[in-house]
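Work out the full structure: start from the sequences and follow the hints.
One-letter residues, chain by chain:
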Amino acid sequence: MTYPFSLKRLAATGAVALSLGAAAISSAFAGPTLDAIQQRGVIKVGVGTSPGFFAPDSNGKWQGFFVDFGRALAVTVFNDPNKVEFTSSSPQQRLPALQAGEFDILLSGVTQTVTRAFKLGFHFGPVVFYDGQGILVKKSLGVEKAADLDGATIGVQSGTTGELNIADFFRKTGKKYTPVVIEDSKEFVAALESGRVDALTQDSSDLAIRRSEFKNPDDYVLLPERLSKEPLAPAVRAGDDRWLEIVNWTVYATIQAEEFGITQANVDEFLKSEDPAIKRFLGVDTSLGEAIGLDPKFAYNIIKAVGNYGEIFDRNIGPNTKVGFQRGYNELWTKGGLLYSPPFR
Amino acid sequence: MSLVDDKPPALLDRHPLLKATLGTPGNAAITLALAILAGLLLPRAWDWFIWNAVWWGSAEDCTAASGACWAFIGEKLQFIVTGLYPPEQSYRAYAACGLLFGLLLVSTSPRLWGRGLLALWIAGIGGAIWLLGGGGPLVPVATDKWGGLPVTLFLSISAFLLAFPLAVGLALARRSRLGGLRLYAVTFIELVRGVPFIAILYAATLLFPLMLPEGAAIDKFARATVALSLFVAAYLAEIIRAGLQAIPNGQYEAAQSLGLTWWQATRLVVLPQALKTVIPAIINLAIGIFQDTTLVAVIGMFDLLNAARVAANDQVWLGFYTEAYVFVALLYFLFCFSSARYSLWLERHLNPVRRH
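For the protein sequence lines, the chains are V and H, in the order given. In this text, residue positions in the first sequence follow this note's numbering: the first is 3, and each later residue adds one. In this text, residue positions in the second sequence follow this note's numbering: the first is 13, and each later residue adds one.
Since the hints were made in silico from the structure, they are not lab data. Hints should not be assumed to be uniformly reliable.
As the list claims (entries may be wrong) - In silico DSS-like pairs for lysine-lysine, Cα to Cα no more than 25 Å straight-line:
1) V:Lys46 with V:Lys85
2) V:Lys85 with H:Lys157
3) V:Lys63 with V:Lys85
4) V:Lys177 with V:Lys140
5) V:Lys46 with H:Lys157
6) H:Lys157 with V:Lys63
7) V:Lys231 with V:Lys178
8) V:Lys274 with V:Lys306
9) V:Lys141 with V:Lys174
Claimed, not checked - If you want the ones that stay clear, here's a sample from chain H, every Cβ over 12 Å from chain V, calculated:
10) Asp73
11) Leu115
12) Gly128
A virtual CB, placed ideally from N, CA and C, is assigned to each residue, including glycine.
Right under this line is the structure:
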């Protein structure tokens with residue numbers, strides 16, 4: 003991911019090396035995850051610790067964007083949003099821990115890549131958050147899109163792919179820029195606040211969180227462009243297809259609900275809908291649920307418990323939260339975004 | 013020349029503090045520079061820490077103010093001190109802290125050192141495990157929910173207790189005349205001392221589980237505790253070896269001439285003296301280990317420091333990292349400083365001869 007953590011890049015290398023070893027050893031271990039979950043009566047979810055995405059509140063109860071998807075899963079399996087256990091896992095540790103069976107699923111913002119799918123034996127659910135390298139600028143600069151940046155001094159963190167991406171980007175636009183490579187992550191943020199650089203470039207979720215920590219967050223704006231692809235998706239161990247499908251359709255249910263316009267507040271009214279697609283989706287017509295072996299009302303229960311995708315987004319990381327993320331690519335396909343649920347049929 | 017100088021001593025000579033700070037031009041210049049620096053920094057510190065600080069109120073009050081947000085600490089105190097421990101059970105975490113602190117306090121008196129105290133420690137650690145983990149009338153709480161101060165205390169203390177017998181064995185083995193035993197001890201000590209603690213922690217949490225047969229799982233907390241105690245054992249063994257080397261050969265010979273076997277001589281004559289010599293060094297190591305426990309954050313455990321960091325990740329109270337760090341820094345300082353002062357006192361108390 004991109005996960006707002008400076009150790010990230012370093013960690014990724016180590017984790018991959020370790021997991022490669024892990025994959026070789028543990029491929030024989032893969033047992034039916036779903037059986038274990040049902041026996042245990044609780045889903046074990048690995049998360050990270052970043053504001054808005056996953057963080058315990060004052061009572062130690064986990065809150066956040068990814069956390070809500072964990073709750074939605076518990077609703078699908080147990081019809082109880084609390085039958086889920088979140089464990090924080092560091093970026094270095096999370097992939098091997100998933101391999102070793104410490105978690106049933108990682109909702110810690112793992113970037114879906116081809117290596118992880120083929121070499122590490124992970125399967126990914128639908129992308130729940132399209133992240134990517136962004137550019138954070140001072141509002142006073144008066145820049146609205148990245149292509150307008152000319153002659154800017156841009157801070158990049160050393161040892162990240164961000165450095166290469168920004169160079170490629172400016173080669174394409176043909177404009178000039180001065181990169182300032184900064185080692186320390188605290189210093190990285192301070193550089194923008196102190197005016198040493200005009201802009202920072204880093205994964206956009208990271209930048210949004212950094213922005214929220216500024217003294218006057220409103221003086222800074224995250225430009226809409228993404229210079230790289232960081233699709234963050236739920237990751238599960240290979241070997242339990244039904245569990246993967248449950249993950250897939252739980253996520254799709256939140257997306258489809260938004261497309262239908264069904265929210266936590268109005269879901270009960272939709273029960274009266276005459277639209278056959280909505281009747282199937284909410285389980286008024288029970289034939290679908292019976293055919294797939296899930297509670298026919300699973301989608302209804304999810305929306306009732308955590309809301310649709312848009313609600314989950316807005317509540318945790320949306321424009322009105324301190325993290326203040328715009329929907330961007332994480333918008334329904336009908337509104338120009340990338341979120342698309344296959345039909346519930 | 014008269015023996016008594018009639019002139020009263022100069023002002024500087026009468027006040028040692030003044031003499032030390034202004035006695036020479038060089039010292040005076042340093043004093044002046046530091047005074048100016050303090051004059052620049054102290055008002056700002058006062059403003060931030062005290063004057064403009066928000067002592068109670070909401071996150072919005074804090075954002076509006078320019079000073080520290082101590083209201084954040086008030087709101088998050090339970091989370092910082094007990095981590096993810098279930099809030100309705102938090103009294104158990106506090107009780108475990110109280111128990112461990114009590115044990116530490118009791119152990120500060122050298123008069124109470126003995127077998128009784130050792131038994132008390134084992135009972136105390138058992139009690140802390142029971143309080144935190146549950147069983148019987150207490151609801152079970154899984155170790156991955158343990159957090160905050162109890163974790164920091166429990167890890168440091170239990171690692172030391174586990175490490176101690178191992179360290180004594182290693183120290184004796186390293187001085188043994190049995191080559192195989194010596195080789196084993198040297199290999200272990202140098203191997204562990206040759207890698208950073210974080211590597212041992214990774215090995216224990218990432219590699220070790222993969223070597224276990226399917227289905228067998230050892231708790232992550234237990235693995236971290238064992239990893240820490242192996243680490244401590246290597247360092248402690250070297251300290252104890254230094255103590256053993258400080259004991260003159262005459263002591264062994266005298267013990268032998270009394271007809272004591274090697275075991276008896278070691279246990280009754282050499283070890284007690286050797287350990288006494290190195291107690292300050294051991295406490296020094298303990299302070300270091302207490303601080304090293306913060307590294308368990310990298311394997312996703314919520315020790316005191318990590319709990320404080322994560323407390324400031326809460327969407328509602330986002331970004332009060334400085335306050336969180338200042339608060340735990342104060343806790344760590346209080347703990348380590350008092351240990352250091354105790355070590356100083358103990359050193360004087362145990363070696364009255366060397367007192368100046």
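Can you name, in rising order, the numbers of the hints this structure does not satisfy?
-> Violated hints: none at all, because every hint is consistent with the structure.
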